[in-house]
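Undergrad: Model the full assembly from the supplied sequences, consistent with the hints where possible.
The numbers in full-length UniProt numbering rise by one with no breaks, and the one at position 109 of the sequence shown is 109.
Wrong hints could be hidden among the right ones.
Stated by the list, open to error - When the alpha-carbon atoms are kept at most 30 Å apart in a straight line, the in silico DSS-like pairs for lysine-lysine are as follows:
(1) K146 <-> K224
(2) K146 <-> K194
(3) K146 <-> K129
(4) K262 <-> K224
(5) K146 <-> K262
(6) K129 <-> K144
(7) K276 <-> K160
(8) K276 <-> K224
(9) K107 <-> K6
(10) K194 <-> K281
(11) K254 <-> K6
(12) K276 <-> K301
(13) K65 <-> K107
(14) K241 <-> K338
(15) K65 <-> K55
(16) K144 <-> K162
(17) K160 <-> K254
(18) K144 <-> K254
(19) K160 <-> K144
(20) K6 <-> K224
(21) K224 <-> K90
(22) K194 <-> K224
(23) K266 <-> K161
(24) K161 <-> K262
(25) K100 <-> K90
(26) K301 <-> K338
(27) K160 <-> K90
(28) K266 <-> K165
(29) K312 <-> K241
(30) K129 <-> K165
(31) K146 <-> K90
(32) K194 <-> K266
(33) K338 <-> K160
(34) K254 <-> K266
(35) K160 <-> K224
Hints in this document: simulated from the structure, not taken from any laboratory.
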Amino acid sequence: MIKTYKYHLSCHSMLHQHVLQFFDRIEFETGPFDLSFFDPDFLYIVKRHPSVLKKRSKAIYDVLKTWPQQDRSDLCQLIRDSNDIENICKGNFVPPTMDKNSTGINKLLRDFFIDLYTQVLDGAGFTTKYTTTLRDHFNVFSDKNKAVTLCPICGIGELKKKEDKTRDQYDHFLPKALYPLSAVNFENLVPSCKECNSFDAKGEADTIAVSSGKLFYPFDNSHKGISVEFHIAIDNIEPEKVDWRIDFVNPDGKRDEIESWKAIYKIDSRYSGHVKARIDKWYRRYWEHMHDRDIFFLTKKRRKKYYLKSLKREEELGLAFLRKPALEGFINESIMAKAELEARYYS
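TA: See the structure below:
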């Protein structure tokens with residue numbers, strides 16, 4: 001990830017906590033199902049969603065209470081471990097997949113957790129109880145992460161802000177279709193640009209299976225970011241056909257996390273395509289600056305320095321991420337494409 005988010009703890013996180021508390025409560029229970037298994041603060045929502053919450057939680061409990069104690073404890077611990085997103089990202093735990101073909105207790109759990117997300121999280125019971133909506137959460141989250149303008153996952157697309165009419169979707173970092181146990185865990189719900197959340201990029205791919213074993217934790221406060229360098233692998237007289245070599249550097253030395261990020265979000269091909277489609281205009285703007293008669297009194301070296309400095313400032317403000325490194329690589333290493341573009345500009 002280019003940057004990480006600041007986590008926003010809100011009442012929306014309580015749904016996840018209430019569900020974990022339910023499994024903590026029933027771990028050692030074998031008697032009849034009872035509403036006292038739910039936190040009193042959660043009962044209102046349970047009663048508003050009798051089919052999703054009461055009926056399904058009872059079905060899960062009726063199975064678990066017949067199991068040996070060790071098996072019950074193992075499952076409850078599995079649910080807890082599957083929600084330690086930071087630990088999962090470090091590669092210390094691999095949660096089990098539960099796909100649409102799951103049967104038995106896995107199917108009961110999958111349906112329960114997915115419906116928590118699709119029907120309860122922004123449903124009437126929750127919004128009435130806490131007088132809030134997912135849009136409200138997004139607005140406060142956006143304010144808390146005001147410094148993040150570009151998508152922190154790719155650095156290409158822009159994020160929506162609270163002032164925008166629409167909002168970015170919450171992407172399940174671990175896809176809920178495969179890892180439903182963390183479906184309502186807001187450490188697993190990451191706003192991203194449309195492309196990162198599309199089937200052309202991440203989609204419903206198995207984040208963990210595609211990874212090298214370690215992942216960037218989206219809310220890692222110690223993350224020092226990523227820098228990128230563009231180099232000409234094969235020059236071409238047609239700028240859009242230049243082959244690029246893209247190098248990534250992280251001050252923390254998180255090579256495994258970088259490789260996972262590149263694979264999950266198809267970073268190499270997206271970056272290469274983005275630059276190929278824009279390098280002509282980027283270089284033209286640079287060329288016009290270098291030939292601006294109003295600054296001809298400056299040396300060529302200083303004109304170049306000032307232009308790249310302005311791009312660096314855009315990067316620091318989160319307005320552009322790829323333009324400066326790509327343009328620098330093109331200026332310093334291209335011969336054929338650069339000569340072709342300059343011939344066009346002079347003609």
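Undergrad: For each hint, tell me whether it holds in the structure or not.
TA: Cross-check of the supplied hints:
no.: 1; hint: K146 <-> K224; in the structure: 18 Å, holds
no.: 2; hint: K146 <-> K194; in the structure: 19 Å, holds
no.: 3; hint: K146 <-> K129; in the structure: 28 Å, holds
no.: 4; hint: K262 <-> K224; in the structure: 17 Å, holds
no.: 5; hint: K146 <-> K262; in the structure: 25 Å, holds
no.: 6; hint: K129 <-> K144; in the structure: 24 Å, holds
no.: 7; hint: K276 <-> K160; in the structure: 26 Å, holds
no.: 8; hint: K276 <-> K224; in the structure: 28 Å, holds
no.: 9; hint: K107 <-> K6; in the structure: 34 Å, violated
no.: 10; hint: K194 <-> K281; in the structure: 24 Å, holds
no.: 11; hint: K254 <-> K6; in the structure: 20 Å, holds
no.: 12; hint: K276 <-> K301; in the structure: 26 Å, holds
no.: 13; hint: K65 <-> K107; in the structure: 17 Å, holds
no.: 14; hint: K241 <-> K338; in the structure: 12 Å, holds
no.: 15; hint: K65 <-> K55; in the structure: 15 Å, holds
no.: 16; hint: K144 <-> K162; in the structure: 11 Å, holds
no.: 17; hint: K160 <-> K254; in the structure: 28 Å, holds
no.: 18; hint: K144 <-> K254; in the structure: 26 Å, holds
no.: 19; hint: K160 <-> K144; in the structure: 13 Å, holds
no.: 20; hint: K6 <-> K224; in the structure: 13 Å, holds
no.: 21; hint: K224 <-> K90; in the structure: 16 Å, holds
no.: 22; hint: K194 <-> K224; in the structure: 25 Å, holds
no.: 23; hint: K266 <-> K161; in the structure: 25 Å, holds
no.: 24; hint: K161 <-> K262; in the structure: 26 Å, holds
no.: 25; hint: K100 <-> K90; in the structure: 27 Å, holds
no.: 26; hint: K301 <-> K338; in the structure: 18 Å, holds
no.: 27; hint: K160 <-> K90; in the structure: 29 Å, holds
no.: 28; hint: K266 <-> K165; in the structure: 29 Å, holds
no.: 29; hint: K312 <-> K241; in the structure: 26 Å, holds
no.: 30; hint: K129 <-> K165; in the structure: 25 Å, holds
no.: 31; hint: K146 <-> K90; in the structure: 27 Å, holds
no.: 32; hint: K194 <-> K266; in the structure: 14 Å, holds
no.: 33; hint: K338 <-> K160; in the structure: 36 Å, violated
no.: 34; hint: K254 <-> K266; in the structure: 18 Å, holds
no.: 35; hint: K160 <-> K224; in the structure: 23 Å, holds
In summary, the numbered hints that this structure violates are 9, 33.
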